[in-house]
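*Asks:* Make one complex out of these two single chains by using the hints.
If you read the sequences in order, they're chains A and B. Going by our numbering, the first residue of the first sequence is number 1, and it counts up by one from there. Going by our numbering, the first residue of the second sequence is number 1001, and it counts up by one from there.
Check before you lean on any hint, since a few could be wrong.
[Said to hold, decoys possible] From the derived model, a few chain A residues whose C-beta atoms are all more than 10 Å from chain B:
#, residue
1, His2
2, Val6
3, Lys27
4, Ala48
5, Ser49
6, Pro52
7, Ile56
8, Gly63
9, Lys66
10, Ala74
11, Leu83
12, Ser86
13, Asp244
14, Arg306
15, Met317
[Said to hold, decoys possible] As a list, the in silico DSS-like pairs of lysine-lysine whose alpha-carbon atoms are at most 27 Å apart:
#, chain 1, residue 1, chain 2, residue 2
16, B, Lys1631, A, Lys105
17, A, Lys283, B, Lys1599
18, B, Lys1288, B, Lys1216
Just so you know, these hints were derived from the structure itself, not from any lab. Note that beta-carbon positions come from the ideal geometry of N, C-alpha and C, so glycine has one too.
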Amino acid sequence: MHRDDVATWVSDAQKAFNSAKDLNQLKTARIAHSGDKSPIALASRGLASLTPQEKITQGKIIGDAKSAIALALAGATSALEALRDSKILLEEILDVTLPSNRAHKGGLHPISIMKNEISDFFIEQGYSVEEGPEMESGWLNFDALNIPADHPARTMQDTFFLEPLESGIVLRTQTSPVQIRTMLTCEPPIYIISPGRTFRADELDSTHSPVFHQVEGLVIDRGITMAHLKGVLDNFARAMFGEDVTTRLRPSYFPFTEPSAEVDVFFSGRWIEWGGCGMVNPKVLQTCGIDTEIFSGFAFGMGIERTLMVRHGVQDMHDIVEGDLRFTRQFGVGL
Amino acid sequence: MRAPLSWLKEHAEIPDSFSSTEIADAFIRVGFEVEEIIYQGRDLTGPLVIGQVISIEEIADSKKPIRFVGLDCGEGATRFVICGATNFLVGDLVVVALPGAILPGNFAISARQTYGKTSDGMICSSRELALSEEHSGIIVVQHGEAKIGDDATQTLDINDVIFDISINPDRGYALSIRGLAREIAAALNVAFIDPADSPAKLKFVDTGKGVKPVLKAGATQFYLRTLGDFNPKAVTPLWLARRIEKMGMRPISLAVDITNYVMLELGQPLHAFDAEKISGDLSIGHIKNPQKFTTLDGQIRDLDSEDLVVMDDKHPLALAGTMGGQDSQIRESTTSIVIEAACFDPTAIARNSRKHKISSEASRRFERSVDPLMAQLASGRCAQLLIEFGGARHIQTLDTGAAISTSSVKIDPTYIACTLGVDVAPQEIRRILTVMGCNVSPDFVITPPSWRADLNQPADFAEEVARMIGYESIPSILPPRPKQASLTPFQKRRRVFAASLAAQGLSEIQTFPFTNDSIIASMGYSGERASTYRLANPMSEEFPVLRTHLLPGLAAVAQRNIGRGAKDIAIFEIGSIFRNSQALSPAISPATDRKPSEKELENIFKSVPQQHLHLGALLAGKIEGESWRGKARSFDLYDAIAHVERLLELSNLSWLQERSDFAPWHPGRCVEFIVEGKAVAHAGELHPRVVAQFSLPARAVAFVINLDALPVAPIVRAQSVAPMPPAIQDVALIVDSAVRARDVENALREGAGALLESITLFDRYEKLADGKISLAFTLVFRSPDRTLTGDEISAMREAATHRALVVCGAVVRTA
Chain A
1 MHRDDVATWV
11 SDAQKAFNSA
21 KDLNQLKTAR
31 IAHSGDKSPI
41 ALASRGLASL
51 TPQEKITQGK
61 IIGDAKSAIA
71 LALAGATSAL
81 EALRDSKILL
91 EEILDVTLPS
101 NRAHKGGLHP
111 ISIMKNEISD
121 FFIEQGYSVE
131 EGPEMESGWL
141 NFDALNIPAD
151 HPARTMQDTF
161 FLEPLESGIV
171 LRTQTSPVQI
181 RTMLTCEPPI
191 YIISPGRTFR
201 ADELDSTHSP
211 VFHQVEGLVI
221 DRGITMAHLK
231 GVLDNFARAM
241 FGEDVTTRLR
251 PSYFPFTEPS
261 AEVDVFFSGR
271 WIEWGGCGMV
281 NPKVLQTCGI
291 DTEIFSGFAF
301 GMGIERTLMV
311 RHGVQDMHDI
321 VEGDLRFTRQ
331 FGVGL
Chain B
1001 MRAPLSWLKE
1011 HAEIPDSFSS
1021 TEIADAFIRV
1031 GFEVEEIIYQ
1041 GRDLTGPLVI
1051 GQVISIEEIA
1061 DSKKPIRFVG
1071 LDCGEGATRF
1081 VICGATNFLV
1091 GDLVVVALPG
1101 AILPGNFAIS
1111 ARQTYGKTSD
1121 GMICSSRELA
1131 LSEEHSGIIV
1141 VQHGEAKIGD
1151 DATQTLDIND
1161 VIFDISINPD
1171 RGYALSIRGL
1181 AREIAAALNV
1191 AFIDPADSPA
1201 KLKFVDTGKG
1211 VKPVLKAGAT
1221 QFYLRTLGDF
1231 NPKAVTPLWL
1241 ARRIEKMGMR
1251 PISLAVDITN
1261 YVMLELGQPL
1271 HAFDAEKISG
1281 DLSIGHIKNP
1291 QKFTTLDGQI
1301 RDLDSEDLVV
1311 MDDKHPLALA
1321 GTMGGQDSQI
1331 RESTTSIVIE
1341 AACFDPTAIA
1351 RNSRKHKISS
1361 EASRRFERSV
1371 DPLMAQLASG
1381 RCAQLLIEFG
1391 GARHIQTLDT
1401 GAAISTSSVK
1411 IDPTYIACTL
1421 GVDVAPQEIR
1431 RILTVMGCNV
1441 SPDFVITPPS
1451 WRADLNQPAD
1461 FAEEVARMIG
1471 YESIPSILPP
1481 RPKQASLTPF
1491 QKRRRVFAAS
1501 LAAQGLSEIQ
1511 TFPFTNDSII
1521 ASMGYSGERA
1531 STYRLANPMS
1541 EEFPVLRTHL
1551 LPGLAAVAQR
1561 NIGRGAKDIA
1571 IFEIGSIFRN
1581 SQALSPAISP
1591 ATDRKPSEKE
1601 LENIFKSVPQ
1611 QHLHLGALLA
1621 GKIEGESWRG
1631 KARSFDLYDA
1641 IAHVERLLEL
1651 SNLSWLQERS
1661 DFAPWHPGRC
1671 VEFIVEGKAV
1681 AHAGELHPRV
1691 VAQFSLPARA
1701 VAFVINLDAL
1711 PVAPIVRAQS
1721 VAPMPPAIQD
1731 VALIVDSAVR
1741 ARDVENALRE
1751 GAGALLESIT
1761 LFDRYEKLAD
1771 GKISLAFTLV
1781 FRSPDRTLTG
1791 DEISAMREAA
1801 THRALVVCGA
1811 VVRTA
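With the rest of the complex left out, here is chain B (with noise of 0.2 Å):
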């Protein structure tokens, strides 16, 4: 919303001594964020004059239109520029920057040769002199708006200083010169002046019959002012033109820009119908059969029956509150107006805003509610200037529906300042809560004004009041000190398990949990991990579903890197994943003024699916960087699996592996770790074709743990340590290349007895006849109690390695 300062000051008697930067500071201390200062003028320098068109000569040999003009400037004799636009006659007033003016861009003005003449000045249009946009033709002033020779300057009145403002959901009635004035007279505490108060004395006399309104719903009041005899070729007045330039608007016609300039000046959007255009009465409400309706913006809208319209006996001819139909504008032979002012229901109007796509200044307005007096006297308003610029002439004015009043709220002064930590003295609260348009009782009933239907509990009488006394002036105390608080024993462990990674070499990542239907397949996802939600409004139609692992964000983020010169890659992600475990149900929404009930709640909770968080990496190239010591190896599915191990162990939990055909990993490559009967993470080497797909060096692994999985370990009980010597023994065993390792060690185990205190695979040699191979392993006995004998390490280390015998067939291996 833009506030030109001219405006401002009709309404709020800001001294000339405040500087702009000055009321844009008050702006913003009284909760009016200041986008933009607009210093109009600032950067023109004149001579700006009006000049009377004399003579107009074409000159014929150039491509585009091209004119010499001859102009009289008030200067005596006659004085010649070249101009390119056409829209003007002899006898027209124009705007002419004299030889030595600087326009705005820093641009001189100074006699010049061109076309074989001497142009001795230059003719502008708008946008020449950044008044707006506009630069079809040049700027044309009608008679009787100034003379010849007076300063353009004054004319135009464009030294101005313009406000942008950003203005909150909350605060409608600031979408009005009569609003932001309002706040700026109490921000500087000045004198305020009411726009409202003049048409409030407006009286009309009936000289015929007109269109009658009829209000079935999404209305509260709805005003119909009929006009006749409306001159249309009557012209905007120049002051009114600029006024809607300055707001950022066009000037269209005298018609439209009244009922502009009324919903700037007061904040109620008005609409003008051609009255010819409407057959019978016009009501506010719905349509019953769906069909097509074109919109001032040419859109063919398709309405059905929860629009709200504006209708005449047989069509609709405006989406309420939104945007009027191009059948029923006002045209260039208008002769016969009726006025539309309704006070809208807020909601209905977000809808039919929301439903179209259509943001328009109307709907903004509605949507954040406009005073419901208004739509009686900005009608009036609009009435008055119609008759007093147009022509126009009074025919009737009918209205249906009452002005809904705001509601009565008793505070305890008290509470303010309770609420803001500082005190207020009671007379203050009233002054201030009376200058912000409130009636407060001598026991501080409190009735807002009818432009406030925001403030309807004491908490927003708190805020009027810290807003105007500043919220600087709150103090800065710190709360009580609650109770002692800590992490959870999850978060501790997702942070152990970060920087424990980041420590090894790898680095964190953050993908967008976005992905697509073909990325899901190619990864070969099946069941659960393959089925997601959607989004029902993507950024892209390239990823319009949600992630069910963490592995194609890492891998994609792997490639981006590679593709940047990155040789090797150890990363991870700690991060939510989104399985379809449970059908999104229809929505529960209990009514708000209450805490719903255990039952509500439960369903509330229960509706939204679970979504575990994981932590998932990806590891590619080399181990180590290049070196002067030596050739680095790769990284290997050990690797993968050795992270996930030591992530475990630091967790305290115990697990069993096993190998396992999970995708995307290899399916002779890939670990499943399970704990306390689950499987709770997987690592191993990337299947080829997911290699191939992200362009990933060759055997890249990874792993991808479900945090919400694992189980908080009990708490440790502690073993005393001995200080008795362990006695070592090496055994090599020769089993089948099939038998896998850790079966070998488990039932070493098993046959060592409780005294072995570790047991070590120290080789594996592959190269023996007859598809065997050797495992060598150390074992370590240790007695809490004593030395152990010769003879009772030999039998340990006998009854071990009978136990891989008898389990695995292992041969002990003679040198």
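Just chain A, same shape as in the assembly (with noise of 0.2 Å):
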């Protein structure tokens, strides 16, 4: 093997690591001249079959062309690598801003949400979620909350009644009935909330639908005061509208609970009404059984929509009933 040849090697593989101009030539280069089938690789297997002697002169001649060879590879490696560091890549630029994801946005009524973030509220703090049917039996939403047939309290609630009428079966004006339907099949202590669906034969209008959602509480326990009442409306209000909220209990009138308050809210700079509350009238407790010697307790009622017209600020309630899609997507899952 001649030194010349050794050293055209050398100058090949450096022509070609120079000359090429991405990382992919240069790989082609490298394999060519530097891997297995490389002429300098063939001559280092070739040292095998050389005198001791001639292994010592040859083996200098081509170890230092291996190193000439490898330096050169270096330095190509890292002069193509800057070029694709600081050429190639901002080259291969793309606008990130294109819409990545098609998929349609969905997203929970909002009412949902409400009804999810109230349930976690009170779950939070022992309460239970019951639930009931939305046809009722009229006992249970009219008689059994001391509301007698042609009582005025039964006008004051535009019920849907069903037919035949001789079955008393309605659809349910307060989610109240879900609290007789717990006190008459479980023992105290009780502490419950029934969100769902109610019903009342109003025009739908801005502020009124037919259709719509309240909450309800209900504490039945040993010592239960109307100001444990307070506690938890003062509690649950800051939940629902900030911890700055303020609430005032008016005297007003249930028939299922005595004595009976509106609760108001001080939200956005004014009273707002939000609900109705009171101690359980000891007369629904004795038809559910309930022995007002030991027990007390407290019940509240808001609506769902109204909650949320005044917390997000909605307008009107067609947003509410009708669907659009526009309007649900608003909120997406609550988080």
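*Replies:* If you want it as structure tokens, here you go:
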């Protein structure tokens, strides 16, 4: 093997490496000039058949050449990598603001979001979430709640009745029959809320809907007082409207509570009627077989639509009931 | 119920230092919601004077009657004004706004030229002064009520504050000045002067024989006072007419105005009959035979034996406590009057009112119960006023029945504190209840006043105390923390389903559960799914029944969104459906003074039909929005099926699926999902007829899951995960195109044996000859404890394809 041949291999390799335009071309050049089948590799393998003396001289020549080739390769590699980083990647820039996800945006109905939020608030405090049928027995919706037939309180709520009228079956006007069902079937202490859909024969307008949602709460335990009712309502109001909200109770009338009160919240600079509440009327406890000597309790009820409208500034009930996707999608899943 | 401050102040010694807002706040604090404060006269500036008409010149060349009126307003010279009203004569006293006056509505009065004359002021009607809606003529003031040149704002007592208060149904007594004055006096802690005190002292001398009251049913006491020599020309005193106007009512005639005035003052509705029209006795009770009856409002009513009426020996004369009859009403010539005052049964009047759809001033009060002592006192007060202002003579007062009294209740003063959560001293409780009119014995036996039929248990007294000490004095304390709670598995699953669908681009909607028979029929429902419950009083005849399925509502919402410009629809709803699975039986209404028996309760619960909770969804249009990356494909039935599969997988349930011909889906493109032998869900393409009916994009798809039918999955027994490598085998099989992929898959699975980990159909090729198709599957085998050998893998693959050959006639496709 001639020293000049080796020098040619080295210079060929250096030329090839230096003329590579990118890392791919360099890879091809590397395989040709320093790969397993390159002249230098073959020569290196040929050393084995030489005499010891030749091995020393030839080995030195080949070793030097390999080092030179490796040096040239390293130089070319780092130059091309620098080129890639400085130029080629920049040429590959894409408009990453192009719309990525073409999937439709979905979401929960804001009433569901409110229901979930309210349920989570109360579950965290140990209340269970009770539900009941929307078509309900009139006895559970009225009589057991101390609203006898022919009492003016029945006409306070425009009830949807089912045919035949003698069945007394109605679309529940409140979720209170769920309270009655719970008291009739469970032993106190009772800590529940009952969110759900309710019905009153009101014309649909910007603030009323014949189909709407309520959440009611009921607590029956030993030693429950109106102060406890206030405590729970204050907490609940803060959870719904923010830490700095204040509440006020005003005397009112509901057949199923005595004393009764309206709950107002001071939100966005004004008092807003939020719901009704009171101490469970002992007559109702008696109907449900709860010993009034031992137990007392309170109940409250709020409109979920009303809470939503106040808190989120929803102006028109139609938006809540019409199912226009543009409305629902604003709320995501409420996280 | 309205309450003018001027009238309240006659019975509650409210110092002038209280502002009207403070008074309104006090009403609210004790439970009377002030809906409006009307400041009468606030936007009226004088001069407003009493003038006498001294000349009237009719202006002839005008289309409507126009008068040029000369007035003496006490200014020395005659003042001339133009007036469009004609209800006055020369010599009458009228109300004149002089130039410089500003009437309500910022209407400035000035001298102006009109009809060729100079009009130097204006003669006013009630409406122009915002006193009432009356505008049929100008105000004519009776001689003796005012003098020429008087300040008319004084004469008409214009400047006043009127509170419009909403009265809760348990507080019938507050539908009177008497009741509201008592409340505001208590709220402001000032003296109360009971307007019922003076009628209690009245004495009448009998001068003849009056009409006799007979009480058959529906009332506890019945007073009749017969008066004669009433002067039908007598007019209502101005102050009384003005009070009636301030209460939002219309003065009619002296006799009627007096009955209304006394009702407003004392809360007892009264009725005045023309005595000439009564034949024999007047009785309260029921008629035997149905008949027609014309009420005061001119409506002809059908009466039957259920209605409580006031009748003479021949006919009903009034729908008791609700509305009088036209025939026996006071007319312009009436000189003999019978005043009826009864303590009616609230329930009977509520029924009258509801059945005939009359909510009158009288019925609203009787329904909410009226002070039983007022039948005597209010009728006396009424007679006294008729004598005083109508020149009437008392003939005879007869009564029957007795005033019912309230029952006493013994309370433990500590009960009040235990209910309210705030200490109230026994002497404070005693003071409050006494102010409310109760008699409190030393050992707290409480006798409520006659007008408080609503006070009959300790809790009722707790409320009285609470509202008087102020609800704001009750502290805010959290109750003891109960044991932990969580959502039920069913509730959790519902949430996960909703959140999962929302995350996959579906929007939740909520629709009204009302529909109609033609929608039910057009969807193709049959059997129980076509049978529903009907509302007795629907919002509209368009939707008189309850829905049996969620899809019509979803389709209607999809249609609405498309109508508003939406192209692609992906919506779902979770809601109850109502199927007439059980005929509604007559109501069970056990007494409420005790807990119903187990049997009664069971029957009540059973009387309510099952209402299943469904989840329905509708997908139409493109699965994705159009985009620069390429065209989006349309939703197809496999999207609907995949959603159901995913939700069932989330629930750890296993299922079978079968093609199903099930409305409203396409009969050949619907899948039924079966869990534990029961159909729980359907998914597929909607029937083209339904798609057309709701103008949906072609091939719209939908799915419905009966959430109530999904069982709770058993607790998962974990299997350990093997670290051994998988062996992956692809097989392509040729089958008849009628062979279902799921059957081939099942056969492969059966044949492959226990080491088969998964099987996936990755290709389906239709373009083979002879009605054949090719199905290509990837089979993954894995052993838990060793690496499989090539021979083992081949043997399992061949066993699998052999089974597919046997079961489905599948032939392995060779390249």
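*Asks:* Now tell me if each hint is right for this structure.
*Replies:* Results for each hint:
1. His2: Per Cβ check, A/His2 is outside 10 Å of chain B; nearest 53 Å; holds.
2. Val6: A/Val6 is indeed farther than 10 Å from all Cβ atoms of chain B, at 48 Å.
3. Lys27: holds (32 Å)
4. Ala48: Since the minimum Cβ distance to chain B is about 39 Å, A/Ala48 lies beyond 10 Å and the statement holds.
5. Ser49: holds (42 Å)
6. Pro52: holds (49 Å)
7. Ile56: holds (50 Å)
8. Gly63: holds (44 Å)
9. Lys66: holds (40 Å)
10. Ala74: Its Cβ never comes within 10 Å of chain B, the nearest being 39 Å, so this holds.
11. Leu83: holds (31 Å)
12. Ser86: At about 29 Å from chain B, A/Ser86 clears the 10 Å cut-off, so the statement holds.
13. Asp244: holds (15 Å)
14. Arg306: holds (16 Å)
15. Met317: Holds, since 12 Å exceeds 10 Å.
16. B/Lys1631 - A/Lys105: holds (18 Å)
17. A/Lys283 - B/Lys1599: It holds: about 21 Å lies between the C-alpha atoms, which stays within 27 Å.
18. B/Lys1288 - B/Lys1216: The hint holds at about 13 Å.
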